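J.: Sequence:
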Amino acid sequence: MGAPQGGGGVLPPWPDASPFAPRRGGPDASRGTRWGVGPWPIKEEVAMDSVREIMTGNPTTVDGRESVTSVARTMRDDGVDVVLVVEGGALRGLVSDHDLVVRALAEAADAENMTVAEVVREGLVTVDIDDGLDNVARLMEENAVRQVAVIESGSPVGVVNASDPRLQGRSGRIDSPTPEHARKSRGGN
1 MGAPQGGGGV LPPWPDASPF APRRGGPDAS RGTRWGVGPW PIKEEVAMDS
51 VREIMTGNPT TVDGRESVTS VARTMRDDGV DVVLVVEGGA LRGLVSDHDL
101 VVRALAEAAD AENMTVAEVV REGLVTVDID DGLDNVARLM EENAVRQVAV
151 IESGSPVGVV NASDPRLQGR SGRIDSPTPE HARKSRGGN
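Mapping of the sequence shown onto UniProt numbering: residues 1 to 189, in sequence order.
If you are wondering where the hints come from, they were derived from the structure by calculation, not from laboratory data. None of the values given here were measured: they were computed from a predicted structure. A hint or two may mislead.
[What the hints assert, rightly or not] Taking CB as the label site, the calculated pair distances span:
hint: 1; residue 1: Glu53; residue 2: Glu118; range: 32 to 38 Å
hint: 2; residue 1: Val80; residue 2: Asp130; range: 22 to 28 Å
hint: 3; residue 1: Leu105; residue 2: Gly132; range: 35 to 41 Å
hint: 4; residue 1: Thr61; residue 2: Leu105; range: 20 to 26 Å
hint: 5; residue 1: Ser163; residue 2: Glu122; range: 39 to 45 Å
hint: 6; residue 1: Asn113; residue 2: Asp164; range: 34 to 40 Å
hint: 7; residue 1: Gly123; residue 2: Gly154; range: 16 to 22 Å
hint: 8; residue 1: Asn58; residue 2: Asp97; range: 17 to 23 Å
Glycine included, C-beta positions come from ideal geometry on N, C-alpha and C.
Could you build all of it, start to finish, from the sequences and the hints given here?
T.: Given below as structure tokens:
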């Protein structure tokens with residue numbers, strides 16, 4: 001009987017779809033071994049716990065003077081549920097699809113004549129690209145927000161959403177879809 005295939009013989013090879021599958025190519029300094037089986041990707045602890053690893057990069061930005069209707073179309077066309085609002089070259093805030101519904105449509109506002117600046121969230125919460133995930137989860141909980149803008153060298157470079165599984169369990173309420181105080185204010189359980 002021949003030697004088992006797959007890089008050492010103790011365990012079967014990892015399927016290509018596995019996040020633990022060995023990297024393709026020859027061995028290099030960024031690889032290690034696990035249980036004596038083939039090359040195993042090793043990530044630095046810091047990198048796995050930073051905003052950089054989980055953010056959605058290249059955020060869609062809109063001018064604060066754009067209409068709510070125009071922004072909704074942009075979100076649909078770009079396939080995003082959050083946009084960053086910029087006014088005069090400065091980051092003013094963040095607007096989600098939920099904000100558009102709750103703050104514009106639910107108030108029976110004229111969405112064509114209402115600007116996105118009128119529905120932007122007050123008190124924009126931002127994090128640095130190298131912040132740790134525990135800090136992000138804490139800020140989201142303290143500020144009762146589901147998304148935060150990611151800043152690098154003073155410029156917006158991404159968005160982090162509380163629904164990211166890597167944030168789950170890092171904060172008391174980050175796991176729940178609705179912040180506890182919001183649930184209570186609506187009369188829910």
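J.: So, for every hint listed, does it hold in this structure?
T.: Verification of the supplied hints:
no.	hint	result
1	Glu53 <-> Glu118: 32 to 38 Å	35 Å, holds
2	Val80 <-> Asp130: 22 to 28 Å	24 Å, holds
3	Leu105 <-> Gly132: 35 to 41 Å	37 Å, holds
4	Thr61 <-> Leu105: 20 to 26 Å	22 Å, holds
5	Ser163 <-> Glu122: 39 to 45 Å	22 Å, violated
6	Asn113 <-> Asp164: 34 to 40 Å	35 Å, holds
7	Gly123 <-> Gly154: 16 to 22 Å	19 Å, holds
8	Asn58 <-> Asp97: 17 to 23 Å	18 Å, holds
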